[in-house]
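Novice: So you can see what is in the structure, the chains are spelled out below.
2 protein chains.
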Amino acid sequence: MTAAAASPVQDAWRIDADRLWRRLMALARIGATPGGGVDRQALSAEEIASWHTMIEWALSAGLEPSTDAVGNLFIALPGTDRDAPPVLAGSHLDSQPGGGRFDGVYGVVAALEVLTTLAERGVRPPTDVLCVAWMNEEGSRFAPGMMGSEAFAGVRDLASIRATRDADGVSVADALDALHAAFPTLRRRPLGFPVAAYLEAHIEQGPVLEARQRTIGVVTGIQGKKTFDIVIEGERGHAGTLAMADRRDALEAFTRIAAALYERIGRHDEAVKFTIGRLQVEPNAPSVVPERVTLRIDLRHPDNAVLGQLGQRLADLCESLAAPCSARVTPLVDAPSNGFDPALQQAIARAAARIGVPHMPILSAAGHDARHMAPLCPSAMIFIPCRDGVSHAEHEWAEPAHVAAGADVLLDVLLPWVGAGKDGRP
Amino acid sequence: MTAAAASPVQDAWRIDADRLWRRLMALARIGATPGGGVDRQALSAEEIASWHTMIEWALSAGLEPSTDAVGNLFIALPGTDRDAPPVLAGSHLDSQPGGGRFDGVYGVVAALEVLTTLAERGVRPPTDVLCVAWMNEEGSRFAPGMMGSEAFAGVRDLASIRATRDADGVSVADALDALHAAFPTLRRRPLGFPVAAYLEAHIEQGPVLEARQRTIGVVTGIQGKKTFDIVIEGERGHAGTLAMADRRDALEAFTRIAAALYERIGRHDEAVKFTIGRLQVEPNAPSVVPERVTLRIDLRHPDNAVLGQLGQRLADLCESLAAPCSARVTPLVDAPSNGFDPALQQAIARAAARIGVPHMPILSAAGHDARHMAPLCPSAMIFIPCRDGVSHAEHEWAEPAHVAAGADVLLDVLLPWVGAGKDGRP
Chain A
1 MTAAAASPVQ DAWRIDADRL WRRLMALARI GATPGGGVDR QALSAEEIAS WHTMIEWALS
61 AGLEPSTDAV GNLFIALPGT DRDAPPVLAG SHLDSQPGGG RFDGVYGVVA ALEVLTTLAE
121 RGVRPPTDVL CVAWMNEEGS RFAPGMMGSE AFAGVRDLAS IRATRDADGV SVADALDALH
181 AAFPTLRRRP LGFPVAAYLE AHIEQGPVLE ARQRTIGVVT GIQGKKTFDI VIEGERGHAG
241 TLAMADRRDA LEAFTRIAAA LYERIGRHDE AVKFTIGRLQ VEPNAPSVVP ERVTLRIDLR
301 HPDNAVLGQL GQRLADLCES LAAPCSARVT PLVDAPSNGF DPALQQAIAR AAARIGVPHM
361 PILSAAGHDA RHMAPLCPSA MIFIPCRDGV SHAEHEWAEP AHVAAGADVL LDVLLPWVGA
421 GKDGRP
Chain B
1 MTAAAASPVQ DAWRIDADRL WRRLMALARI GATPGGGVDR QALSAEEIAS WHTMIEWALS
61 AGLEPSTDAV GNLFIALPGT DRDAPPVLAG SHLDSQPGGG RFDGVYGVVA ALEVLTTLAE
121 RGVRPPTDVL CVAWMNEEGS RFAPGMMGSE AFAGVRDLAS IRATRDADGV SVADALDALH
181 AAFPTLRRRP LGFPVAAYLE AHIEQGPVLE ARQRTIGVVT GIQGKKTFDI VIEGERGHAG
241 TLAMADRRDA LEAFTRIAAA LYERIGRHDE AVKFTIGRLQ VEPNAPSVVP ERVTLRIDLR
301 HPDNAVLGQL GQRLADLCES LAAPCSARVT PLVDAPSNGF DPALQQAIAR AAARIGVPHM
361 PILSAAGHDA RHMAPLCPSA MIFIPCRDGV SHAEHEWAEP AHVAAGADVL LDVLLPWVGA
421 GKDGRP
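So the protein lines, in turn, are chains A and B. Under my numbering, think of the first position of the first sequence as 1, with each following residue one higher. Under my numbering, think of the first position of the second sequence as 1, with each following residue one higher.
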């Protein structure tokens with residue numbers, strides 16, 4: 001422990017690490033899986049149960065819960081000017097089907113812990129400070145994810161979100177109405193109110209912080225992502241009778257295209273991530289020359305200009321290398337790379353130094369709700385390490401000391417907004 | 001019509017084309033599909049019904065039906081020496097699920113027609129002449145196919161055949177016992193008795209005869225076939241976070257391997273047929289680096305030495321190009337190419353000439369029961385054209401004139417065995 005961390009003055013502004021951990025473990029029991037993980041789908045009975053728990057904790061601390069039309073959960077520490085744009089911090093409560101105890105929920109519980117700590121000390125900030133749990137970040141029940149933050153930011157309209165259905169045919173509209181019906185007295189906020197700043201704490205979901213033995217990752221931005229659906233059309237034939245020269249083999253065309261893509265896109269530079277994750281062959285019979293191959297490409301890069309060029313090159317390669325088959329490229333996701341607010345990044349680095357934990361800048365390879373907040377207000381993310389870089393898995397794990405440090409950093413960064421940091425550190 | 005075909009002497013040894021066609025169409029009603037095709041699975045109620053019809057026709061012509069332990073159906077024109085090795089001609093009665101009116105059944109009905117014609121003329125050959133319907137050539141209900149001829153030739157043992165189950169869990173043993181129970185008085189022949197010669201008439205299942213306007217294909221042999229199951233093992237990872245340099249992407253390894261196989265196996269020469277027909281990616285999720293790719297390769301070549309070399313090269317390429325993944329190659333089918341008996345090929349060509357229809361030599365790309373008879377006795381196949389080269393489809397079609405010509409050729413080729421051809425043509 002460093003001298004700074006041992007300072008009694010600093011300790012006066014620490015969150016309650018035990019309570020934070022207890023609450024994380026309490027939420028992990030809602031939707032717990034036999035393998036030690038969590039299955040808490042968006043708008044499910046388990047997510048509703050997690051809201052009941054969150055709201056109970058909020059009310060007992062004198063905080064004010066509310067929601068909005070898309071099913072985001074807000075918890076407010078009231079400010080003196082209730083109409084001024086609030087500061088927002090949070091993440092999401094939903095999980096992957098075989099998810100873990102930290103992904104998403106950590107950022108929400110850390111924000112609640114910060115608000116609870118401030119409320120306990122009688123802090124009345126100049127503006128509201130809000131904890132938020134965004135609806136359906138994971139997108140595993142209703143695809144695609146990030147519905148709550150996208151609706152809040154106006155990236156997707158509410159009607160199209162409400163029309164989305166899960167595998168059982170249940171619409172978001174019905175599931176959302178059920179959520180709201182479960183909390184009939186909850187105040188409704190407008191969708192997309194002005195926000196002064198947004199902060200999100202999250203496990204890294206990668207191995208970098210652990211390998212470098214840093215407790216805090218100062219997230220510089222989220223790399224851009226494009227996805228494409230590609231359909232290669234050939235002609236089916238008998239594997240024993242059709243001469244090679246007469247074939248229009250869709251799988252052979254795929255092989256030629258994919259080899260070029262792995263080489264010319266996947267090795268463009270060290271930052272690029274190129275993945276063909278899903279592929280389907282038709283008719284997929286042992287003695288039949290394939291007539292159709294359908295694939296999904298996931299392409300990421302931190303530099304938007306490079307990402308745009310690679311996306312264009314990818315489409316060109318698919319179309320030019322398909323003959324004698326044909327290839328149809330359909331762009332799906334197009335999420336540009338974003339850089340987080342430099343001042344907030346500096347504040348996070350300073351906070352880590354004051355608390356006495358090692359930090360480093362880090363780029364987020366995975367997408368987060370903060371991507372949609374960044375264009376609206378100064379935004380930033382705080383990463384903490386996760387064991388072996390594992391997330392979206394039942395054995396996902398973060399150390400209690402790291403969990404506490406991330407929340408302490410969040411508290412420290414928020415102090416200037418709550419008025420406590422203005423006249424020098426306490 | 002040529003002068004030869006118009007000769008009344010030749011006509012004296014023609015089959016009854018109308019009866020042959022009527023019988024083919026009668027069998028097409030057993031298991032008829034709404035789309036005009038046939039679904040008559042091995043050992044099914046439909047195949048049993050087709051046996052009843054065949055046996056009725058046989059008995060009414062004074063022919064002798066019998067069976068064996070694996071469920072092959074034999075119909076004999078008795079010879080003067082009942083113990084001498086008989087001559088055999090036939091094919092199979094089972095069909096693909098969406099099969100047609102000719103594949104298999106034509107060779108059986110043509111052989112029955114030849115026997116009926118001989119019986120009607122009071123021919124008593126020196127040895128038995130047998131029509132055969134082999135059990136489960138198609139392998140669509142019980143896989144793999146050619147069970148009847150493989151058991152007869154000793155290629156597969158009866159116990160392993162009886163243990164095979166269909167998709168509903170019904171064993172060959174149970175289905176076979178039910179077949180035999182349906183014909184309690186049918187004499188049983190030993191499995192794999194000595195045979196003097198084997199002939200099989202079949203639709204081409206390819207476009208060559210039609211394109212070249214030849215009525216009879218003198219089949220030179222069946223190209224060899226090898227199949228392989230290949231499992232490529234890598235490691236799964238997050239498409240957004242795992243650096244390209246750290247990946248063990250099973251689909252990328254597949255692409256590298258497949259590109260080399262298409263190039264170095266698939267383009268070895270004009271005769272090779274190389275197909276990757278079935279492929280499965282795991283976990284097959286859009287944002288996950290694939291950890292496993294499983295594929296089935298179908299490799300065919302008429303030259304056994306070349307087929308053997310290509311099979312070895314294929315396995316070597318898979319294993320040497322897999323790094324940083326691993327590849328496991330499992331050989332499945334290994335059916336060598338066979339050449340048919342040259343004397344019988346000449347006899348077929350001469351018969352076509354006598355009948356006055358154009359003929360040509362042709363290699364069979366597809367497998368047939370004749371493959372398993374060829375090592376046992378002089379064997380040959382007679383192809384007739386099929387429309388657009390289509391088979392294994394409901395709209396499979398052969399012209400009545402071609403159907404008759406193929407049976408006439410079969411009769412003509414058999415004449416020396418039945419004693420009718422010895423002292424010159426009738």
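Please keep in mind that the hints were generated in silico from the structure rather than gathered at the bench. Please note that a few of the clues may not be correct.
To be verified - What follows is a set of in silico ranges between Cβ atoms, one per label pair, in the way DEER data are often shown: (1) Glu235/A - Arg212/B: 17 to 25 Å; (2) Pro34/A - Ala245/B: 31 to 39 Å; (3) Ala245/B - Ala353/A: 51 to 59 Å; (4) Gly308/A - Ala245/B: 49 to 57 Å; (5) Val170/B - Gln312/A: 52 to 60 Å; (6) His268/A - Pro358/B: 25 to 33 Å; (7) His180/B - Ala163/A: 58 to 66 Å; (8) Asn304/B - Gly35/A: 51 to 59 Å; (9) Glu56/B - Gly169/A: 47 to 55 Å; (10) Val170/A - Glu270/B: 39 to 47 Å.
Claimed, not checked - Partial list, computed: chain A residues near chain B (C-beta under 8 Å): (11) Pro184; (12) Arg187; (13) Arg188; (14) Arg189; (15) Pro190; (16) Leu191; (17) Phe193; (18) Gly240; (19) Met244; (20) Glu282; (21) Arg292; (22) Pro302.
Quick caveat: nothing in here was measured; it's all calculated off a predicted structure. Ideal Cβ placement from N, Cα and C applies to all residues, glycine included.
Novice: The structure should be examined with respect to each hint, and the outcome stated for every one.
Specialist: Here is what the structure says about each hint:
Range check, Glu235/A to Arg212/B: about 22 Å between beta-carbon atoms, so the 17 to 25 Å window is met. Between Pro34/A and Ala245/B the beta carbon distance is about 36 Å. The supplied range of 31 to 39 Å therefore holds. Between Ala245/B and Ala353/A, the C-beta spacing of about 32 Å breaks the proposed range 51 to 59 Å. The hinted window of 49 to 57 Å between Gly308/A and Ala245/B is violated, with their beta carbons roughly 23 Å apart.
At about 56 Å, the beta-carbon gap between Val170/B and Gln312/A stays in the expected band of 52 to 60 Å. Between His268/A and Pro358/B the beta carbon distance is about 60 Å. The supplied range of 25 to 33 Å is therefore violated. Checked against the given bound of 58 to 66 Å, the beta carbons of His180/B and Ala163/A, roughly 60 Å apart, stay inside it. The given range of 51 to 59 Å is respected by Asn304/B and Gly35/A, whose C-beta atoms sit roughly 52 Å from each other.
A beta carbon spacing of about 54 Å between Glu56/B and Gly169/A agrees with the range 47 to 55 Å that was offered as a hint. In this structure the supplied range 39 to 47 Å is violated for Val170/A paired with Glu270/B, their Cβ-Cβ distance being about 56 Å. The interface hint given for Pro184/A is broken, as the beta carbon of that residue sits about 37 Å from the closest beta carbon of chain B, more than 8 Å. Annotation: interface hint on Arg187/A violated; nearest CB of chain B at approximately 36 Å, more than 8 Å.
Evaluation of the Arg188/A hint against chain B yields a violated restraint, the C-beta minimum of about 34 Å exceeding 8 Å. A hinted interface residue such as Arg189/A counts as satisfied when its beta carbon comes closer than 8 Å to some beta carbon of chain B; here the least separation is about 31 Å, so the hint is violated. Hint on Pro190/A is violated. Least Cβ distance to chain B is approximately 32 Å, over the 8 Å limit. At about 28 Å, the closest approach between the beta carbon of Leu191/A and any beta carbon in chain B exceeds 8 Å, and the interface hint on this residue is violated.
The interface hint given for Phe193/A is violated, since its Cβ lies 30 Å from the closest Cβ of chain B, which is over the 8 Å cut-off. A cut of 8 Å between beta carbons decides the hint on Gly240/A: the least distance to chain B is about 4 Å, and the hint holds. The closest approach between the C-beta of Met244/A and any C-beta of chain B is roughly 6 Å, which is under the 8 Å cut-off, so the hint is satisfied. Given the 8 Å rule on beta carbons, the hint for Glu282/A is violated: about 11 Å separates it from the nearest Cβ of chain B.
Given the 8 Å rule on beta carbons, the hint for Arg292/A is violated: about 12 Å separates it from the nearest Cβ of chain B. Hint status for Pro302/A relative to chain B: violated, with the closest Cβ pair at about 11 Å, above 8 Å.
Of the numbered hints given earlier, the model fails hints 3, 4, 6, 10, 11, 12, 13, 14, 15, 16, 17, 20, 21 and 22; all others are met.
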